[in-house]
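Participant: Taken in sequence, the protein lines are chains V, U, R, E, X and S. Just so you know, we're using full-length UniProt numbering here: the first sequence kicks off at 1 and counts up by one. Just so you know, we're using full-length UniProt numbering here: the second sequence kicks off at 1 and counts up by one. Just so you know, we're using full-length UniProt numbering here: the third sequence kicks off at 1 and counts up by one. Just so you know, we're using full-length UniProt numbering here: the fourth sequence kicks off at 1 and counts up by one. Just so you know, we're using full-length UniProt numbering here: the fifth sequence kicks off at 1 and counts up by one. Just so you know, we're using full-length UniProt numbering here: the sixth sequence kicks off at 1 and counts up by one.
Careful, some of the hints might be misleading.
Note that identical chains are pooled: a pair holds if it fits in a single copy or bridges any two copies.
Straight line, CA to CA, 27 angstroms or less: simulated DSS-like cross-link-like pairs of lysine-lysine [what the hints assert, rightly or not]:
id : residue 1 : residue 2
1  : 136       : 19
2  : 179       : 33
3  : 113       : 136
4  : 179       : 113
5  : 19        : 113
6  : 33        : 90
7  : 19        : 33
8  : 90        : 107
9  : 136       : 179
Rather than coming from a laboratory, the hints here were simulated on the basis of the structure. Predicted model, so just to flag it, every value in this text is computed and none were measured.
There are 6 protein chains.
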Amino acid sequence: MPRVLASFFVNGKVCKDPKLVTADDFFRSGLNKPGNTSNQLGSIVTAVNVNNLPGLNTLGISLARIDFARRGLNPPHTHPRGTEVLVLLKGRLYVGFVLSNPGPNRKNKLFTKILNPGDVFVFPEGLVHFQLNVGKSNAIAFAGLSSQNAGVITIANAVFGSDPPINDNVLAKAFQVDKKVIDDLQQQFWWDNN
Amino acid sequence: MPRVLASFFVNGKVCKDPKLVTADDFFRSGLNKPGNTSNQLGSIVTAVNVNNLPGLNTLGISLARIDFARRGLNPPHTHPRGTEVLVLLKGRLYVGFVLSNPGPNRKNKLFTKILNPGDVFVFPEGLVHFQLNVGKSNAIAFAGLSSQNAGVITIANAVFGSDPPINDNVLAKAFQVDKKVIDDLQQQFWWDNN
Amino acid sequence: MPRVLASFFVNGKVCKDPKLVTADDFFRSGLNKPGNTSNQLGSIVTAVNVNNLPGLNTLGISLARIDFARRGLNPPHTHPRGTEVLVLLKGRLYVGFVLSNPGPNRKNKLFTKILNPGDVFVFPEGLVHFQLNVGKSNAIAFAGLSSQNAGVITIANAVFGSDPPINDNVLAKAFQVDKKVIDDLQQQFWWDNN
Amino acid sequence: MPRVLASFFVNGKVCKDPKLVTADDFFRSGLNKPGNTSNQLGSIVTAVNVNNLPGLNTLGISLARIDFARRGLNPPHTHPRGTEVLVLLKGRLYVGFVLSNPGPNRKNKLFTKILNPGDVFVFPEGLVHFQLNVGKSNAIAFAGLSSQNAGVITIANAVFGSDPPINDNVLAKAFQVDKKVIDDLQQQFWWDNN
Amino acid sequence: MPRVLASFFVNGKVCKDPKLVTADDFFRSGLNKPGNTSNQLGSIVTAVNVNNLPGLNTLGISLARIDFARRGLNPPHTHPRGTEVLVLLKGRLYVGFVLSNPGPNRKNKLFTKILNPGDVFVFPEGLVHFQLNVGKSNAIAFAGLSSQNAGVITIANAVFGSDPPINDNVLAKAFQVDKKVIDDLQQQFWWDNN
Amino acid sequence: MPRVLASFFVNGKVCKDPKLVTADDFFRSGLNKPGNTSNQLGSIVTAVNVNNLPGLNTLGISLARIDFARRGLNPPHTHPRGTEVLVLLKGRLYVGFVLSNPGPNRKNKLFTKILNPGDVFVFPEGLVHFQLNVGKSNAIAFAGLSSQNAGVITIANAVFGSDPPINDNVLAKAFQVDKKVIDDLQQQFWWDNN
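Sequences are here, hints too, so could you generate the full structure?
Facilitator: Put into structure tokens, the structure is as follows:
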């Protein structure tokens, strides 16, 4: 495991003594199996990162398979520690990301694209992005991430589904709705597709 | 400007030839002036970063002053490229951040604290965080950020106020509300307090 | 393009002014098309990196599709600036990498594995590695690399096919063969499958 | 604690297992209290860094409050692992930093500025810098540093007050004074205002 | 040991508690002694890196002395984690390195130079390079490497002398020779001059 | 020039278009020539870094030769952007470095060693260090530095020989001497041995 931009207890992993390393430390199976998309979002992410493939520790890269049912959505989320490059294998996706705040009286710019099989799209580190299946079948994508432990923050889950809940005064003011709406949202079940 | 983790056109700035540098390239005034908090959020961020203090380029740090009116809110946001360390100078703040997704059937953990003058709190890179004035006066805080151009993504603005708007099918499914609610939210004016 | 571990003329690319960026700067099509494996190695790499997808500049990640004919070989090579994580989509590959020199009187350790569809394998930065199709059909793999411009050094090409050729005294001594053998090897045509 | 440019025993701290982390790991109080400036320099630095706020580990940022009595001085020093950005809250400071050696027969360039409340000044990583209170009252500044453990080297203390002392032949020659002067300086008490 | 780009079990070393550090942790003797070049390559590398000088851990630099008998060769090799800068003290060397693959139908460019005493040459990170003594005496060089643990991969050893051997179908196809030639090469003794 | 921790106008250099690069961009002669030590310090540093060897740009390493007359001194200095590893070729040196401030009422720890030919010593990034010739002949050392442009700050020159001079109130208070002493020191000629 050369060149270290180390994550220690950060990712709950410690590097193995190199003398004890075997080929199996660099191997993991299972990305051929479709994830179960029978959930409220119609999508599921199967990640191969340092948490289940120890040989990735310190190497600054990981992979994921993303399955989408028809109309399935990978909802707005960020990767706090990584850029994502996605390639679509099957189906048709509407994808996009939103830039950082541009300053007073300007709106956050949205970039979108319709992807067909073989298309590649980049979601830069830390930006809010999403993918929606707009095709007539299920969809399958693979993604590379520029960290062995990029992290995922699903916006709705982090904002409305945290434990404990964020004070509803904060959210009512931030989202310009009544506290009643916030309270209802906080009662919802927020599925984590990762 | 030693040691470079360079941001080039990334931040729209190019390093100056060091022979032409003067003390003014490392100087900026104005952080003594209270920002104008007469807005819907009751808060305003005055940032000193590479965009207005060129000598910070490549140096990996910047500062901000944050002013809060009574009940003012710095709404849930992320810094895609930096950790924030805040010190409260005046007032009383309820602050918090939410961790990354913990995996299926677990909720994103929320950490909160009430801050009094002189208290310091850390908001790690890329995580969703907020500050609410819960005191009886205005509040003033200073913050250091671990990038010359950390960026800000106000969650509500990026999600509901982007230009062009995100397709409402995406947002209705992601936030588990009717498209009507999304459409209303997208009609709102989303003030950017940065 | 946030957070910069910049490659400037290093990769012949300059970051675009962010105000002029569009969705197309983050997009590239074509990875659905099988590469042409009708060559002496029976393999071909189709890379998506900063050279053909400018939006990857400074983001520290790239992708590649690798096609193998029956018995096709991606010959021993290194990536001088990146770790590779490969996922096999179709076929059956014998893959391996060799560790750095272990010191006097010890041999360089080889790690190998037979991959089936859905299997993932890691090739750490800078190490010599290869993939051989040992299945009964063609094979298709995707790979993520931890650099926007990881580079490829095909060992045989660099050693025996350089321009101008390396002095044959160097190679005869290094590979413990007659200069006649080296001269013959240097006359060969060395196909670059990248 | 995401993204690691780790300091392990380097700073005597080990990252905590993230499952055991609480809000208090990201919190510290006390920066509202004026430091005691009744010392020979008339200044005192109160630092909040990884040594007293563990949650900063690996996050690349820290803060400090600097108090100055009338005519108080934060004497020439360097931060070996960090850039400092200072904002003046109260008082009036004469500040400056000196560039690296420019080569034979040229002098090290000095950049200075008089700061008033709200003024911000940058002291780039590793350069010798100082702040002198030139106002009619005490002065208070806050500073951000681009490391969780930037370090401080007070020039006079390191050169004349080390334990054991540097051989006086070295210092007499380096500073072009008699060894008697060096010996006297080495007898002095060198107050560390950090 | 400031500023950490840490190698942990990667290099089998753990940083020492700074309170226990002594001058001896930053010291190593022996680079005045000529290495023994009575071997098949006529060269030997004596390295001072984190494996035998613990104080280098995390500091990103190491040194080596390289001795060459007459006609001695430091054979084609790479450093997977470091750039090398060599200065020749005695003798006359023919040195060179080969660039990465340039793409289809183009050859890997070779850069060479004859070095005389006092000459300095750079071998960029990860590229295949070599040094051959072409003078009438022995030769001595010193090298700096941009890592505390740059690693060495001697091409012939890694390719033909690994343990276990690489499948000869891979090597026969890669090097365009009969398997008989590969088998003979794999029977050879591959001296590691590091 | 792979892997970029770029210094742009920071070091006054711009990376060359890789298509135009030649072997000469990676070459420099002259380190066999003794530097002229007929100066007040009796020492001279001959550096090979990005300022005179452009191919080092972004590669994170440089070299220097240091010559000492009898009793010659390389006076207390820091490298703001690099660790130094020195190997002594000839002579006998008393070397040392001083740690960062340890906190109130504790002294900065000094580590020293007498070096003989072949001895290697590490001077960690940013720390004050020196080398004094204590042998009976001249002395010659080579050093590697962990930056293509590590910088040098000679303490006496930066503090007493800057242009313009630092206000003598600052220095009198910092060094606990009369302003008259400071004024005399500021009149001196401060030789830069780099």
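Participant: When no copy is specified for residue 33 and residue 90, does a C-alpha distance of 27 angstroms or less occur within a copy, between copies, both, or neither?
Facilitator: both (14 angstroms within a copy, 13 angstroms between copies)
Participant: Can you tell me if residue 179 and residue 33 fall within 27 angstroms by alpha carbon in one copy, between copies, both or neither?
Facilitator: neither (42 angstroms within a copy, 33 angstroms between copies)
Participant: Given a CA cutoff of 27 angstroms, do residue 19 and residue 33 count as a within-copy pair, a between-copy pair, both, or neither?
Facilitator: neither (33 angstroms within a copy, 30 angstroms between copies)
Participant: When Cα atoms must be at most 27 angstroms apart, do residue 113 and residue 136 count as within-copy, between-copy, both, or neither?
Facilitator: within (17 angstroms within a copy, 38 angstroms between copies)
Participant: Could you figure out if residue 179 and residue 113 sit no more than 27 angstroms apart (CA to CA) within one copy, between two copies, both or neither?
Facilitator: between (35 angstroms within a copy, 21 angstroms between copies)
Participant: Using 27 angstroms as the alpha carbon limit, work out where residue 136 and residue 179 are close: within a copy, between copies, both or neither.
Facilitator: between (39 angstroms within a copy, 22 angstroms between copies)
Participant: Can you give me the call for residue 136 and residue 19, within, between, both or neither, at a CA distance of at most 27 angstroms?
Facilitator: Intra 51 angstroms, inter 36 angstroms, cutoff 27 angstroms: neither.
Participant: Tell me, please, which holds for residue 19 and residue 113 at an alpha-carbon limit of 27 angstroms: within, between, both or neither?
Facilitator: The answer is between: 18 angstroms across copies meets 27 angstroms, while 47 angstroms in one copy does not.
Participant: Is it within a copy, between copies, both, or neither that the alpha carbon of residue 90 lies no farther than 27 angstroms from that of residue 107?
Facilitator: neither (33 angstroms within a copy, 31 angstroms between copies)
Going through the hint list in order, the structure does not satisfy hints 1, 2, 7 and 8.
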